[in-house]
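K.L.:
Here is what each chain is made of, one letter per residue.
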Amino acid sequence: MSTNTLKYDTSKAKSLLREVSERSGQNLSACYQCRRCAAGCPVGEETGVTPDRLVRTVLLGDRDEALNNLLVWQCVACYTCGTRCPNNIQTARITETLKQMSKEAHLDPLKPRIADFHSSFMKAAGHYGRFNEIEGMGIYETKTAINELKKGGLKAVFDEMKAQAKLGMTMTKKKRMHFKIDKVKNVAEVKALYRRAKQGKGE
Amino acid sequence: MELAYYPGCSLHASSQLYDVQCKMVFSNLGIELKEIDDWNCCGATAAAKTDDFLAIALPARNLGIADATGLSEIMIPCSSCYSRTLVSQQRLSCDPELKNAINAELGQKVEGKIKVSNILEVLKTKVTSGELAAKAGRKLEGLKAACYYGCLLTRFPCDVPVSDDVENPQGMEIVCKSLGVETIDWSYKTDCCGASASVNDAEESQLLMSRIMKDAAARGANCYVATCPLCQFNLDAYQDEVGKKYGIEQRLPVYFITELIGLSMGFDPIAMQVDRHLTDAMGLLKELKLI
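The listed protein sequences derive, respectively, from chains A and B. Taking this note's numbering, the leading residue of the first sequence gets 1, the next gets one more, and so forth. Taking this note's numbering, the leading residue of the second sequence gets 204, the next gets one more, and so forth.
Don't take each hint at face value.
[As the list claims (entries may be wrong)] Cβ-to-Cβ under 8 Å is the rule here; a few derived chain A residues that face chain B:
(1) Ala92
(2) Gln100
(3) Lys111
Calculated directly from the structure, the hints in this document are not laboratory data. Positions of the beta carbon are idealized from the N, C-alpha and C atoms, including for glycine.
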């Protein structure tokens with residue numbers, strides 16, 4: 001018997017399907033696997049997972065695979081899949097949902113830099129209420145460097161610093177770099193929204 | 204005429220030139236852009252990927268401020284800010300419970316009455332009315348533009364009214380043609396540049412950019428035109444690196460639509476900060492004797 005044989009457990013499948021459908025607001029059951037989404041997905045070829053496959057994974061109740069695949073991380077949120085879906089399923093909303101579920105399940109992100117970038121962005125945006133590139137990139141680069149060093153990736157840290165320094169210098173020369181910090185006066189209101197978001201997650 | 208205006212974070216940082224140009228061009232068209240007071244970051248794609256509540260709540264605060272201005276329309280030049288704000292407004296209109304929860308935290312409550320417009324929607328009306336032609340009279344001959352829309356002007360994660368054709372938008376071509384700019388037909392106008400993947404997943408975003416660059420070059424474009432600051436930045440900043448990696452010779456300037464309108468209006472390119480591009484944007488204009 002091949003090890004690839006699908007195991008289908010109705011109770012597991014239903015609970016995963018219900019959770020993803022409710023959180024993403026998408027009716028995954030409507031997918032009839034026409035693969036128009038796959039044809040338009042700009043990252044499907046490289047990730048090896050196209051939106052239709054991801055929907056099928058959820059329908060089959062394979063939680064491990066659904067929370068742990070490259071499409072969930074590398075989806076660029078271009079919304080081509082959902083725009084072309086004849087059944088109006090927004091798979092990008094599904095990848096967004098699965099990414100959040102993956103974090104809640106404390107799984108190691110398959111693409112740590114992507115996870116670090118988005119969390120750094122949100123941290124910086126919540127700090128002053130506006131995203132300051134200098135601050136956001138600073139948080140991101142520090143996080144990434146620590147992660148790489150933990151894995152012993154000294155060269156990766158060095159390469160990243162070199163690339164960022166080069167871009168930073170060109171940007172400075174062309175006056176595209178801004179060092180002034182932009183702040184929201186009533187940042188307390190923005191922080192209140194962040195607090196409410198945390199409460200909603202039971203954190 | 205007054206329009207509420209939301210520049211967003213990038214127009215206050217690496218894409219400040221776009222903010223400068225928007226103000227110059229719209230002022231000349233008789234439109235005063237009233238930047239809304241004390242706006243915050245819209246959350247961009249990061250919020251959508253990490254927190255469903257903040258993805259709606261952050262733009263909602265700006266919508267509340269915009270509604271309080273009493274103006275009927277807000278123009279948002281950045282595609283990501285525009286998309287997130289429009290999506291937030293749509294979501295709140297059909298989820299009163301969420302709207303109440305968010306409004307409970309806000310001094311200026313979201314009413315949902317202001318019309319959220321992208322830059323091309325506003326510009327198209329000025330082409331139709333003849334006001335653009337009246338102010339932008341100089342024909343920019345010799346430019347062959349690949350109008351690059353990217354993702355978020357026409358594709359949304361929910362049902363909202365889309366302001367242009369989803370697969371083959373024409374807004375930028377309409378504006379360009381009225382300036383005497385030739386536009387090419389090409390296949391990658393709404394393809395993704397990778398957005399923030401240029402920072403966190405460079406391999407992927409460079410592959411996406413290489414496809415865009417190959418098609419623009421093959422169709423004989425001599426420049427790109429963009430309205431999204433992140434599309435503009437990615438092609439501007441990484442074009443050389445991607446070109447070397449994928450064997451693409453051409454390096455094309457990536458103009459903001461406002462730069463071409465401004466040139467046609469007779470504005471000084473230095474005042475518009477056209478010299479601040481990371482892929483040279485002045486050389487072609489000199490070569491074509493447009494400056």
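K.L.:
Would you settle whether the hint for Lys111/A is holds or violated, based on the nearest Cβ-Cβ distance to chain B being less than 8 Å?
P.N.:
holds (6 Å)
K.L.:
Going by Cβ atoms only, is Ala92/A closer than 8 Å to chain B?
P.N.:
Hint holds; Ala92/A Cβ to chain B Cβ min 6 Å, cut 8 Å.
K.L.:
Does Gln100/A pass the interface check with chain B, least Cβ-Cβ distance below 8 Å?
P.N.:
Hint on Gln100/A: holds, closest Cβ of chain B at ~7 Å, below 8 Å.
Of the hints listed earlier, there is not a single one the structure fails to meet.
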